[in-house]
Amino acid sequence: MTALDRIDWIKAAPWLATIGLFAIWELSCWVFQIPWFILPAPSKVFYAAYEFGPALWRNSLQTLWTTLTGFGLAIVFGLFLGLFIGWDRRIYAALYPLMIGFNSIPKVAVVPILVLWFGTGWVPAVLTAFLISFFPIVVNVATGLATIEPEMEDVLRALGAKKLDIMTKVGIPRSMPYFFGSLKVAITLAFIGSVLSETIAANSGVGHMMLTAQSNFEVPLVFACLIALAIEGIGMYAVMSWIEMRMTGWAHRSGFNR
Amino acid sequence: MSFVEIEDVSLRYKPQGDDEGTLAVEGLNLSVERGSFVAVVGPSGCGKSSLMKLATGLNFPTTGKVTVAGNDVHGPVSIAGMAFQNPVMLPWRLTRDNIMLPLEVVEPHRRTFRRDKAVNRERADKLLASVGLEGQGGKFPWQLSGGMQQRASLCRALIHEPELLMLDEPFGALDAFTREELWQVIRDLHAARKFTTILVTHDLREAVFLADKIFVMSARPGRVIVERDVDIPRPRDISVTYDQHFGEIVQELRSHIAEARG
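Just so you know, the protein sequences line up as chains A and B, in that order.
Mind the numbering: the first sequence is residues 1 to 258 in this note's numbering, read in order.
Mind the numbering: the second sequence is residues 1001 to 1262 in this note's numbering, read in order.
Here chain B stands alone, though its shape is the one from the complex:
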């Protein structure tokens, strides 16, 4: 059984006024193996964010079934970490305290949070160091650059050692150089910790560089139209993005998306 299993799922948002409710996804099938890295690409408005919410238990399917780690999803799964395009840090907390926020909320850490404060602090600082933010924990997030904030946001998503990492266009707002740096950061984190990762992105190169498998979604209502394994061996150096084979995969995906947009 796969780690994340989405079977024949449709999701219709609540009707508001005359609007009969948007059908975000329909007939969605998707499975993600434990420890693998998948990317979901598609035209805008194809229900990629709905997919995120379905897999983390923030939304429930109108029809169909979602299982994560072998359990039917009936509520927030709490083994997930999330990062978004907007790093959404709390400006009144130090970066380190922002990163420790999930520990204050998620079980079993929340019960021992106060007692283990020193351990947690150390953990946060180590994690910060692992994404290249050594010694920055004592700054406020707004004193960091956009790329640094996004790194910190990744740390916050990973502090409770989630088994599932959901990334919703996490590098979308960054400049090209910073973005490639962060690809490598996330690549190394994934290699070291083997958490299952679902990356939702618009950037095909990003998808091909990072993922083991890529799902292409159709326009709304979204469903998976193509599944493409990325047969580039790991570890991948950033230079593979200039290989011919890499370019071919990107081209192939691009043509699928062009079709999907109609």
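Just chain A, with the same shape it has in the complex:
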């Protein structure tokens, strides 16, 4: 057995790919002599991140806080609304088109209204994160409830089970994999929402910092902000993914994705 065989390639793959990407980026900047104000090389970007470290850190935390607050609201509200909509087919029929319509509105068009109502600052950012991310939660929870096997429902109804029994014993546990699955999507969207709002109307956060850096022509810093966002996004996704596995391991039994 050689040393190469002992490497766990599956584990190493994401790191190798990331390093590879940065290497190609760095190399291309040198080889093609790309000016730093068009596309700064990673070395320049990382240096900018180091240089503006404390500010970048502070703004990243602000964005993280904004995102998680909006996301938290979305979980509470989305779970509640999803259960409500999935409860009865009539409610589902009544509210679903409204939901679709609401979700179709580009959230960037809503931010000015939020600013009008709440002024600039963190409130519109939290609300944008919330508005953009609750939809997948609602839809997934409602779908989980709506797809209860009719036989299961018959078994329980024949025993005199009330709607509430069926929901608590079957519907809600059944919709949990959908719910936790939707959190991965929702957290990403919440993040988009908060950054979007920060770039339009805020006085802190990574989005705001990017805007400032851009107007000061600090191109490497703009890219450093982007990378900070990417890292935060991956981190939050990973946390949600982990929670999903922990909470609904029974739903991942096929071994298909292993």
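Because the hints were derived from the structure by calculation, they are not lab data.
Only a predicted model underlies this, so the values are computations on that prediction, with no experimental measurement involved.
Careful, some of the hints might be misleading.
What the hints assert, rightly or not - Incomplete in silico selection of chain A near chain B, CB under 8 Å:
| # | residue |
| --- | --- |
| 1 | A146 |
| 2 | E149 |
| 3 | E151 |
| 4 | M152 |
| 5 | D154 |
| 6 | R157 |
| 7 | A158 |
| 8 | G160 |
| 9 | L164 |
| 10 | D165 |
| 11 | K169 |
| 12 | V170 |
| 13 | I172 |
| 14 | P173 |
What the hints assert, rightly or not - The following label-pair restraints were derived from C-beta to C-beta distances:
| # | chain 1 | residue 1 | chain 2 | residue 2 | range |
| --- | --- | --- | --- | --- | --- |
| 15 | A | D5 | B | I1238 | 49 to 57 Å |
| 16 | A | F102 | B | R1114 | 39 to 47 Å |
| 17 | B | R1111 | A | I234 | 46 to 54 Å |
| 18 | B | N1029 | A | T147 | 21 to 29 Å |
Virtual Cβ for every residue (Gly too), placed ideally from N, Cα, C.
Use these hints to put chain B onto chain A, whose structure you have.
Leaving out everything else, chain B in the frame of chain A:
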């Protein structure tokens, strides 16, 4: 008075759009004695499943009357256990907890469920042992084979000691060997506990092997066209399925169904 009494019943499903609503059964008469085992056979789409729903109070007749255990059926009868072709186990519960599910729902058990948890557990494990699933209660249902899941599904139908057991093609999705094994399981359970059983099936051999009486239904709208008593003495060994008399009854039923299909 019979245990289940279906008198001149018709059932029309709710119209949807242009469809004026399917007439599932019409002029249906059927009575089942307490403790007996009857089978209902017929061409597909003859309203066999409607019959299941009528007898358990999940659907109400459009016209006519259904009585179970002497009471008019106005709602779910709750003395019934049901098993279907699809075992529909809840994957997040252990097999044992799946089986105890009816106890959490049906009166009077639901009030004492928490208090009697240990007793109920023991009961579930005993029932599992009686269908050949000893010690499997601690596994998740998806860790069991199809036949084992169907056995567990039978246990779930029987845990609350129902007086009426409704079986809707419970062995339809199983291989021939497993199916015959399960025939014997259900035969023994019925012999031991004497619950009234209505078995809806496509399999004529299954019907003849298990039932005291067989109802043949017509094509839609379904009604009973033939009632056939099965005069094979009990206890029946699986070998009776190769007897000449057994074969004759199956042949007879087959010709009735061929007629019913038109």
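Against the structure, the hints:
1. The criterion of a C-beta within 8 Å of any C-beta in chain B is not met by A146/A, whose closest approach is roughly 16 Å, and the hint is violated.
2. Below 8 Å, beta-carbon pairs count as interface contacts, and E149/A has one with chain B at about 5 Å; its hint therefore holds.
3. This hint holds: E151/A has a C-beta 5 Å from the nearest C-beta of chain B, less than the 8 Å allowed.
4. Interface restraint check: M152/A against chain B, minimum CB-CB distance 5 Å, threshold 8 Å, status holds.
5. For D154/A, the suggested interface contact is upheld, since its CB lies about 6 Å from the closest CB of chain B, less than 8 Å.
6. A distance limit of 8 Å between C-beta atoms decides the matter here; for R157/A the minimum to chain B is near 5 Å, and the interface restraint holds.
7. Below 8 Å, beta-carbon pairs count as interface contacts, and A158/A has one with chain B at about 4 Å; its hint therefore holds.
8. The restraint placing G160/A at the interface with chain B holds, with a minimum CB-CB distance near 4 Å, inside the 8 Å limit.
9. Interface restraint check: L164/A against chain B, minimum CB-CB distance 11 Å, threshold 8 Å, status violated.
10. Satisfaction of the interface hint for D165/A is found here, the shortest Cβ-Cβ separation to chain B being roughly 5 Å, below the 8 Å cut-off.
11. Evaluation of the K169/A hint against chain B yields a held restraint, the C-beta minimum of about 7 Å falling below 8 Å.
12. Satisfaction of the interface hint for V170/A is found here, the shortest Cβ-Cβ separation to chain B being roughly 7 Å, below the 8 Å cut-off.
13. Hint status for I172/A: violated, given a least beta-carbon distance of 11 Å to chain B, over 8 Å.
14. Proximity of P173/A to chain B holds as hinted, the smallest CB-CB distance being about 5 Å (cut-off 8 Å).
15. Restraint check, D5/A to I1238/B: a C-beta distance of roughly 56 Å satisfies the suggested window 49 to 57 Å.
16. Range check, F102/A to R1114/B: about 42 Å between beta-carbon atoms, so the 39 to 47 Å window is met.
17. Here the CB-CB span from R1111/B to I234/A is close to 50 Å, well matched to the stated 46 to 54 Å.
18. Against the hinted window of 21 to 29 Å, the Cβ-Cβ separation of N1029/B and T147/A comes to about 37 Å, which falls outside the hint.
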